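A.B. asks: Assemble the complex: chain L is given as a structure, and chain F with the ligands must be docked to it using the hints.
Going down the list, the protein sequences come from chains L and F. At position 145 of the first sequence (counting the first as 1) the number is 145 in our numbering, and the numbers step up by one without a gap. At position 20 of the second sequence (counting the first as 1) the number is 20 in our numbering, and the numbers step up by one without a gap.
Treat the hints with care, as some may be off.
To be verified - Label-pair restraints from in silico Cβ distances:
#, chain 1, residue 1, chain 2, residue 2, range
1, F, 47, L, 37, 48 to 58 Å
2, L, 93, F, 82, 36 to 46 Å
3, L, 123, F, 80, 26 to 36 Å
4, L, 179, F, 212, 53 to 63 Å
5, F, 26, L, 1, 25 to 35 Å
6, L, 206, F, 421, 42 to 52 Å
7, F, 269, L, 93, 24 to 34 Å
8, F, 235, L, 1, 17 to 27 Å
9, F, 54, L, 37, 42 to 52 Å
For the record, the hints were derived by calculation from the structure and aren't laboratory data. Since the model is a prediction, treat every value here as computed from it, not as a measurement. Note that beta-carbon positions come from the ideal geometry of N, C-alpha and C, so glycine has one too.
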Amino acid sequence: MLIPEVRQKWANPINTITIGATPEEGGTRTRTVTVGGSTTLPFLHFEGKIPHRPALAMEVQDITPKDWPEILGEHFSDVWDDPGRWAKKCVDQLGADLVCLRLAGCDPDGENKSPDEAAVAVKSVLEAVGVPLIVWGCGDNDKDNEVLPQCSEISAGERSLFGSITEDNYKTLVALCKADGHKLIAESPVDINIAKQVNVLATDLGLDPKDIVIYPTSGALGYGMEYVYSIMERGRIAGLDGDTMWAMPILCDIGKEVWKVKEAVSDEIAEWGDQSQRGPLWEATTAYVYLLAGADILIMRHPKAVSEVKKYLEKLIESK
Amino acid sequence: MALTGLGIYKHLPKTNCGDCNFPTCMAFAMQLAAKKVSLDQCPHVSDEGKAALAEASAPPMKLVKIGKNSHELLIGQETVLFRHQEKFHHPTGIAVKVKDDLAEEELTNRIEAINNLHFVRVGEEIGVDLIAVEHSSTSPQGYARVVKKVKEMSDLPLVLLSPDPKIAEAGLEVSAERRPLIYAATGKNWQQMASLAKKHSSPLALKGESLEELADLTQQIKKLGVDDLVLSVDGPRVADTLQDLTRIRRLTLSKTFRPLGYPTIAFVTGKDPFQQVGQAATYICKYGSIVVMEGTEPWKILPLLTIRQNIYTDPQVPNAVEAKLYEIGEVTSHSPVLVTTNFSLTYFTVEGEVENSKIPTYISVVETEGLGVLNAYAGDKWSAEKIGKTLEEQKIKERINHNSVIIPGLVAVFRAELEEDFGWKVLVGPEEAARIPSFLKNEWKVTS
Ligand code: B12
Ligand code: SF4
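Chain L with its partners taken away, still in its complex shape (with noise of 0.2 Å):
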């Protein structure tokens, strides 16, 4: 019987942006990574092209993690208080494509590190690894305002991808990042409007949409991932249908929603099952599911959950 056909045809592919840059490029990187440039929603090889597979980046820190479980530190306690050392172990041994540096230790209500600080944290993650980097603030905008300018003069022609602006500020992180040539992170809080107004803001003071990756923010398995699942799908189909201001790769930062909840964290309850294999199974089944909905870049923290959407992704990325 012959069968109608259910191909779409979309208006407008998703942005291809390319992280890290190499010496001919004006900076350092071994390696870059590339995303986005799909015609088509996840994984649909019938229907379109999806010329680069998803990016994973790893996890860390510019201060050695307080409230991180036991069952991460059992792989970074030999590093975690050396975030050069704590990056190549990502990159080397567990096959990080990009470094996340988040900078974790500026937090003015934590141990307030100062510009100086952060900018040698990124300036050593730089030097310990060949792969891009995503260098993403403490949270605090004033404080952010202070740290990222110098993290970004020093690592300027790298084309990191630096995070975040929001609706509220974006004015310094964009001016930045378009005179040290790096791409930008732009957050909004689980709403499909104000991700395009953060993008709409940003390009009025003349940032290439291209240089924009969307972070709607991200909830783990169980604890609201459903809202973000749909604001991801109903931004992936409007930048698809000819929305350039949803026509960005999209970014989840996974590791630092998952390793908070019960499901992953604790050994308590028995019904639960074996936590060694539950709590990186609650990370990668975020990503899984995150992957589904459209996401291009994901920050992550398990070992195991690494490698296990590697796996995963390889063969979804692969079809008849």
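C.D. replies: Below, chain F with the ligands alone, put in the same frame as chain L:
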């Protein structure tokens, strides 16, 4: 599904007699298309006309029932491609396999393990929905014995997994009254399988090499009077299955392509548990009506049940509990008071931890329009003032002989105002509910 006025008009008598209280058949057809009237209002439609219109107005994806009575699973009749367009209606059934070559004790253990794959999340029971009995090596009698055992030990609906009609028949003979899903009719055995399905009025899964073959099979089998069908989709790779499931869903909903307008079943493959869960996650999110899993480890099943719960919640309905004072355990005037929001997920997470602590506790739930702690704060749905007033309305001070209230760590900013304006002694609790038990044990006692 949506039949146009013109499409309906074709099947009306076209006499414009007016007995339906509309001046013309066309006018009546338009009203019918808009679902404003029902077909019985025209006394003159022919039987063929009725049949054609019933067929055409049937939902594009069939609803199929597996199992009987209180233990039935309904799958299919989905109406959208994406949950934000409306909602998904019938949650993916999660099946776990049992093989028929297990030794008696192993079999018993396995069925028990499957029965135990039930959890409570967000105040809702979630669990495995089906047991799939897979034929491997035994005789028809051996297979029937295992099916019987499964049936005796578990109320879950069954899937009989064998391409051999003799085996399926043996299984059906001992379980037909439970309406098991027969898996599967193929290009080779479909006549025998369809007659078994007909004889026992059981739903039947179909397996083809391609969507084209599946469509041919459904049409042939339908002619034999069997229409409770489930399409088996398993491409060689997870990406192929995902794409076939997507094509079927689109064909059904965008093209009303009836030959494939049925629910689906997909299987996880391989031995690696993380990859099995990856496959199952894919099919739960993307259009699998049943997913057949391997293994009974709860750490593998819990994330799948959680995805299903997430993806199948209705995005248009705020998931809220009643905003009132809850008493957990045998509360007394010394019991602690926790404040939280009326988002179901928030409330039940907190309630679960209070139960874990085994310390009788009051939970004062504030009306926040179904938003969680930070969302209610960012969306101006609660404030120190609102909490203060709620505590007054709930008359909590009449029940306790202390003056302390515990607020979520994420809204520590409420503390000063609650203390100054409402006279409470405010304890800022942890940011995560998981730390509530240790907080109540260690810090609450000390400070109260
Ligand atoms: C899902 C989600 C939504 C959903 C709503 C879900 C809901 N019903 O609440 C939607 C998409 C609708 C939404 C909307 C908005 N959101 Co929102 N959302 C999220 C998200 C992803 C998850 C929140 C969640 O459900 N968590 C799970 C629940 C269970 O957590 P919880 O309620 O905090 O409860 C936990 C603890 O607090 C503790 N707890 C609870 N009660 C108690 C009580 C005591 C005594 C103790 C000790 C502990 C305790 O136990 C629970 C488990 O640990 C978060 C980001 C994130 N990853 O957290 C953003 C987030 C909360 N949203 C945010 C914002 C800004 C908004 C909006 C204002 C955006 C907008 N459109 O303008 C709106 C607000 C709503 C409105 N306008 O009406 C911000 C809040 C920023 C801030 N710090 O104030 C966040 C943090 C995102 C961000 N990083 O910017 N959001
Ligand atoms: S009653 Fe039937 S036949 Fe008569 S006008 Fe109405 S639709 Fe036409």
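A.B. asks: Do the Cβ positions of residue 93 of chain L and residue 82 of chain F conform to the proposed distance bound of 36 to 46 Å?
C.D. replies: For residue 82 of chain F against residue 93 of chain L, whose Cβ atoms are near 39 Å apart, the range 36 to 46 Å holds.
A.B. asks: Are residue 179 of chain L and residue 212 of chain F spaced within 53 to 63 Å by their CB atoms?
C.D. replies: 57 Å, holds
A.B. asks: Return holds or violated for the Cβ distance of residue 206 of chain L and residue 421 of chain F against the range 42 to 52 Å.
C.D. replies: Cβ of residue 206 of chain L to Cβ of residue 421 of chain F: about 48 Å, so the range 42 to 52 Å holds.
A.B. asks: Does the Cβ pair residue 47 of chain F, residue 37 of chain L satisfy 48 to 58 Å?
C.D. replies: With Cβ atoms ~56 Å apart, the hint holds.
A.B. asks: So does residue 54 of chain F sit 42 to 52 Å from residue 37 of chain L, Cβ to Cβ?
C.D. replies: 47 Å, holds
A.B. asks: Could you tell me whether the CB distance from residue 26 of chain F to residue 1 of chain L stays inside 25 to 35 Å?
C.D. replies: Roughly 33 Å apart at Cβ, these two residues keep to the hinted range, so it holds.
A.B. asks: Cβ-Cβ distance between residue 269 of chain F and residue 93 of chain L: within 24 to 34 Å?
C.D. replies: Taking Cβ atoms as reference, residue 269 of chain F and residue 93 of chain L lie about 29 Å apart, which means the hint holds.
A.B. asks: Within 17 to 27 Å or not, the Cβ separation of residue 235 of chain F and residue 1 of chain L?
C.D. replies: 19 Å, holds
A.B. asks: Residue 123 of chain L and residue 80 of chain F, beta-carbon distance inside 26 to 36 Å?
C.D. replies: 50 Å, violated
Of the numbered hints stated above, the single one contradicted by the structure is hint 3.
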